[in-house]
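Asks: Those protein sequences? They're chains A and B, same order as listed. Position 120 of the first sequence, counting from 1, maps to 120 under this note's numbering, and the rest follow consecutively. Position 180 of the second sequence, counting from 1, maps to 180 under this note's numbering, and the rest follow consecutively.
Check the hints yourself; a few may be wrong.
The list makes no distinction among identical chains, and a pair is therefore deemed to hold if it is satisfied within one copy or across any two copies.
[Claimed, not checked] Keeping only pairs whose Cα atoms sit at most 25 angstroms apart, straight-line, the calculated DSS-like set for lysine-lysine is:
#1 Lys243 with Lys330
#2 Lys118 with Lys302
#3 Lys172 with Lys298
#4 Lys156 with Lys136
#5 Lys208 with Lys156
#6 Lys334 with Lys249
#7 Lys330 with Lys118
#8 Lys298 with Lys355
Derived from the structure by calculation, the hints contain no laboratory data.
Number of protein chains: 2
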Amino acid sequence: MAKYVSYEDSGVSIDANDVMVERIQSYVAGTFGPRVMAGKNAFAGMFRLDYDEKLFKRNYRNPVLVACTDGVGSKVQLAGAMKRFDSVGIDLVAMSVNDMLVQGAEPLFFLDYLAVNKLEPAFISELVKGVAAGCKLADCALIGGETAEMPDTYAKGDFDMAGFAVGIVERKKIVTGRAVRPGDVVLGLASSGLHSNGYTLVRNICFKQNKLKVDARPAEFGGARLGDVLLEPTRIYVRAVVKLLRQYKVKQVVHAMAHITGGGLVGNIPRVLPDRCNAVLKKSSWPVPKVFGFLQEKGPVKEAEMFRVFNMGVGYVLIVAEDFADSIMKKLAKYGEKVYKIGRITTGAGKVVLK
Amino acid sequence: MAKYVSYEDSGVSIDANDVMVERIQSYVAGTFGPRVMAGKNAFAGMFRLDYDEKLFKRNYRNPVLVACTDGVGSKVQLAGAMKRFDSVGIDLVAMSVNDMLVQGAEPLFFLDYLAVNKLEPAFISELVKGVAAGCKLADCALIGGETAEMPDTYAKGDFDMAGFAVGIVERKKIVTGRAVRPGDVVLGLASSGLHSNGYTLVRNICFKQNKLKVDARPAEFGGARLGDVLLEPTRIYVRAVVKLLRQYKVKQVVHAMAHITGGGLVGNIPRVLPDRCNAVLKKSSWPVPKVFGFLQEKGPVKEAEMFRVFNMGVGYVLIVAEDFADSIMKKLAKYGEKVYKIGRITTGAGKVVLK
Chain A
1 MAKYVSYEDS GVSIDANDVM VERIQSYVAG TFGPRVMAGK NAFAGMFRLD
51 YDEKLFKRNY RNPVLVACTD GVGSKVQLAG AMKRFDSVGI DLVAMSVNDM
101 LVQGAEPLFF LDYLAVNKLE PAFISELVKG VAAGCKLADC ALIGGETAEM
151 PDTYAKGDFD MAGFAVGIVE RKKIVTGRAV RPGDVVLGLA SSGLHSNGYT
201 LVRNICFKQN KLKVDARPAE FGGARLGDVL LEPTRIYVRA VVKLLRQYKV
251 KQVVHAMAHI TGGGLVGNIP RVLPDRCNAV LKKSSWPVPK VFGFLQEKGP
301 VKEAEMFRVF NMGVGYVLIV AEDFADSIMK KLAKYGEKVY KIGRITTGAG
351 KVVLK
Chain B
1 MAKYVSYEDS GVSIDANDVM VERIQSYVAG TFGPRVMAGK NAFAGMFRLD
51 YDEKLFKRNY RNPVLVACTD GVGSKVQLAG AMKRFDSVGI DLVAMSVNDM
101 LVQGAEPLFF LDYLAVNKLE PAFISELVKG VAAGCKLADC ALIGGETAEM
151 PDTYAKGDFD MAGFAVGIVE RKKIVTGRAV RPGDVVLGLA SSGLHSNGYT
201 LVRNICFKQN KLKVDARPAE FGGARLGDVL LEPTRIYVRA VVKLLRQYKV
251 KQVVHAMAHI TGGGLVGNIP RVLPDRCNAV LKKSSWPVPK VFGFLQEKGP
301 VKEAEMFRVF NMGVGYVLIV AEDFADSIMK KLAKYGEKVY KIGRITTGAG
351 KVVLK
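Please take these sequences and the hints and turn them into a complete structure.
Replies: Below, the structure is given as C-alpha cells:
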C-alpha cells in the first residue's frame, strides 16, 4: 500500500502553529488600548478611529493615514548567531514608526510578518515579545501578524521579519520639509548604536574579515560582548517627538525631520530638503559612539563610506526654526533624548555638506 | 596599504536600488486614486480619509480600520522555479484583502515587503507589477513598500514577500458571525485553483515524490504546463463582495464570511461559526478542479488531509439568511463569481461536517 503524504511530512506543522498562537497571546494583548477591537481567531485586526468621540474631533478635522513597512535587514542573522531573539522585534517596530514620525504622524497600530524555517513556539514567542515591547515604546497596538513556516526558503535557524505600521496625522500638520529655509538649525537625536542598517557590512567586517566571535569582548567596549553591542536595539523616537509636536499647536516650528537609516545622514536628510537649501553639518558637534570607530578601523572603511552606510551616532534629525532651537532642545532633553545642535541650513542644492 | 571594505563589496548595492525605484514607479502610480498623497522619496505613504467630505460622511459615521498581513508561503519557490514573477504579487494582495473582506471591510491601501538575494531591477519590477495588478483588482492603492537585499538569508534566486492591507468598515456593519443561525445557507465562491496555501506539500508531491518538471504537461490538464496550473493566481473576491454588501444597507442578510486558506473549509469556517451551530457541507455540491484530484492521486493524499490543507475549489464562503440566498446567488453571479449552494447551518458545536 502506498504511503500517504501529509502536510506535516512535507515540513509544515499545523498543530505547532496552534500552540504558538496561544503563547504569544499575552504579549500581544499587553499592547492593546481601548480602541483595539480584539477578536480571537479573527481574519483581520480592527482599530476604532473614535470618529464620533470628542477626543478625536478635537485633534482631527481632516485626518490622513500614514503607513510604512520595513524589515531589520540582516540584523536577523546576527540575532540568530547570538541566539538572542527578544530585541530584534524592537528594531522592527522602530524602523517603521520612526519613518512615519518624520511626517508628523503618531503611530496607531502595527502588524508583523515572521518567516521561519520551523515553527518553534519558544523562539517565535521571543520574537513577538520583542515586537510587543517595541509597540509599547511606540504607544501603538500590535493588532495582527502572520507567522510563515517555509523550510525550503529559510535555512535551519534562519528567519526574516517584516513590520507594518499605520499612524495618523492632521492634514494641515503634515511635516513636509517645504518650510525649511536658510538659517534653520539642524538638531540631531543620539542613536543607541548601529540601529538596523548596514549589517551585511558589519557582519562582513567582524566575522569574515576579522574572524571575530560574537562573544568576543574587544577592549574598545569595556567588557561588553561584541554581539551584544551590535545587537543593541534601535531607539524609538516616537514619544519625545510626538510630545514635542503637540507643544506647538499653531506655530509650525519643526520644518522637517529625517529618520537616519540606510544612506546615513548624507542620504536621508536630502529626502526632506528643498532643492534650494543645503544642510551643513559639523562632524565634531556630536559624539560618535565607539562601535563606529571600531568598525571603521577593523574594516578598514573609508570615512565617506561610513557616513553613507551608518547613522554615526545620530538616529533622528529635526530641522527647526532658529528662534525655537534652544527651547526645542530643552524640551527634547526633558523628554529623555540626547540632543545636539549638529548643523545649519544654508542656500544650496538639496545636499548635505559635512565639515 | 589595506584594502578598504565597502557596503557594495559585502553584497548590497545601493545604486541598483535607485534604478529599481525608478522602474517600479509607473506600476505603483497606476494604483493611485485621488486619496493618495504621493511624495517622492517619502519616508511613509499617506492616504486621506476624506473625513471632511460628503462621500465619507454619508458612508461612515463610526469607521473602524481593518488591517491584515500575509505572505504567499512557498508559492514563491514555485515562481522562482518557473522564473515567472508577475503573478505572485496578485496572490500577495489576495491573501490580505480577502481576509479583511470577511469582516465586511473595503480595502483602502496596500504595502509590500520584498526580500531578495540580489536587487535585480528587472526581477523586482516584475514582482511589483504583479502586486500593482492585484491592488487594481482589489480597488486599493499601493502606497508603500520595502525591498530588502539580504544575500546571507536568501539563497541565489530565492526571495520572500509579505503584504499588508488596510481597509475600513462602518462599525455597525462589521460582519462577525454572531447572527449565524440554523437554517442559514452556506454559499461557496469558486476558487481559481490552489490559491496560496499548501505549496510545501504541493512541491513535495510534484517535484520530490513524483520527480515531475515544472514544464511537464500532464494529460489531466489538457495541454497546460504543470507549473502554470500550480501558479494560477489567487482569486480576489473584493469587488463582488463589497458590491453585494452595499446592496443591503439596512438588513444584515450576510451573517458570516470566511476566506478559505490554510486549514481549508474545515479549518476556516469554524473561525466565524457560533459554538451552537455546525456547517453541514455536501461535497458533491460544487465541482472540484482537476488540480486537486491530480495532487490527491499523485501523493497519494488522504481525502481528509486534502480538505484540511486545500480549498478544494471553494475559495470564499458566505453564510446567508435562507430567504435571501437565491437573490444573493444571482447578484454574485452577475458580479462575475461562480457561486454554489454548498451547505446548511444546523444546530451543533461550531464544527464543519462534510457529507
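Asks: Please go over all the hints and tell whether each is borne out by the structure.
Replies: Outcome of the hint check:
1. Lys243 with Lys330: within (13 angstroms within a copy, 54 angstroms between copies)
2. Lys118 with Lys302: between (40 angstroms within a copy, 24 angstroms between copies)
3. Lys172 with Lys298: neither (48 angstroms within a copy, 61 angstroms between copies)
4. Lys156 with Lys136: neither (31 angstroms within a copy, 37 angstroms between copies)
5. Lys208 with Lys156: The answer is both: 20 angstroms in one copy and 19 angstroms across copies each meet 25 angstroms.
6. Lys334 with Lys249: Within. Shortest intra-copy distance 19 angstroms satisfies the 25 angstroms Cα cut-off; inter-copy 52 angstroms does not.
7. Lys330 with Lys118: Classified as neither: same-chain Cα gap 48 angstroms, cross-chain 44 angstroms, threshold 25 angstroms.
8. Lys298 with Lys355: within (24 angstroms within a copy, 68 angstroms between copies)
Checked against the numbered hints listed earlier, the structure breaks hints 3, 4 and 7; every other hint is satisfied.
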